[in-house]
Amino acid sequence: MVDGGRLLPLFEPPTIHDPPSTIHHPGKVFVISSPSGGGKTTVVKRLLRRMPVLARSVSVTTRAPRPGERTGRDYRFISPSVFARMRRQGALMEWARVHGAWYGTPKRPLLSALAQGQSAVLSIDVQGARKIRRLLGRRAVLIFLKPPSMRKLRQRLLRRSTEDREAVQERLAAAQRELACASWYDHVVINDRLEAAVAHVRAIIRNAGRINGRES
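Counting from 177, one number per residue, gives the positions in the sequence shown under our numbering.
It should be emphasised that the hints constitute simulated quantities derived from the structure, not laboratory data.
All values reported here derive from a predicted model rather than from experimental measurement.
Please note: incorrect hints may appear among the correct ones.
Listed next, with one range per pair, are the computed distances between beta-carbon atoms [unchecked claim]: (1) Ala260 <-> Arg369: 15 to 21 Å; (2) Arg252 <-> Ala343: 20 to 26 Å; (3) Thr218 <-> Leu348: 16 to 22 Å; (4) Asp368 <-> Ser257: 37 to 43 Å.
The C-beta atom is built at its ideal place from N, Cα and C for all residues, glycine as well.
Let's have the full structure, built from the sequences with the hints guiding it.
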């Protein structure tokens, strides 16, 4: 991960400190991470249907859309030059290069939601989670979705049919490194049965004290 031109160690536990005084918000940011194929996007979609009071931050990425993905709903798909301009202008809370593509969290929509007292959910990788924790301290609640086994994760990646077998092996190798990061997350949820995982994450959010029975 790159932070202002300085390479940050990917798997170093984040340093927790008070957020900058320029960030004023009563809400929380719920960060959901998983290895590729671990189900974070699906869990977040189900979660938002059950808890519409949560704001969702739509990440930007330079990768091509997968079948069924729509810009503005799943991601904002942008060119590398636009992504680079957003970085230069300070428009991103965090950014990272993952599996050959750039991903980032737009700053303005997230801080705007928090300033209005609304909690938000982010679906980002472990590099982004580390940066968000450094920026927001304990106002960020980190949730790691863990696959039940590497065998099942491999099956999910193969079923997705968006990468060849060599790419799948690369993602599995990355998953092993990402799983080592789970120990510094606030919560670890085993994503074996989807609805059970969604219910577990929902309970974590409700117990955080910011969502008071307003979800449908």
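Evaluation of the provided hints:
| no. | hint | in the structure |
| --- | --- | --- |
| 1 | Ala260 <-> Arg369: 15 to 21 Å | violated (41 Å) |
| 2 | Arg252 <-> Ala343: 20 to 26 Å | holds (23 Å) |
| 3 | Thr218 <-> Leu348: 16 to 22 Å | holds (19 Å) |
| 4 | Asp368 <-> Ser257: 37 to 43 Å | holds (41 Å) |
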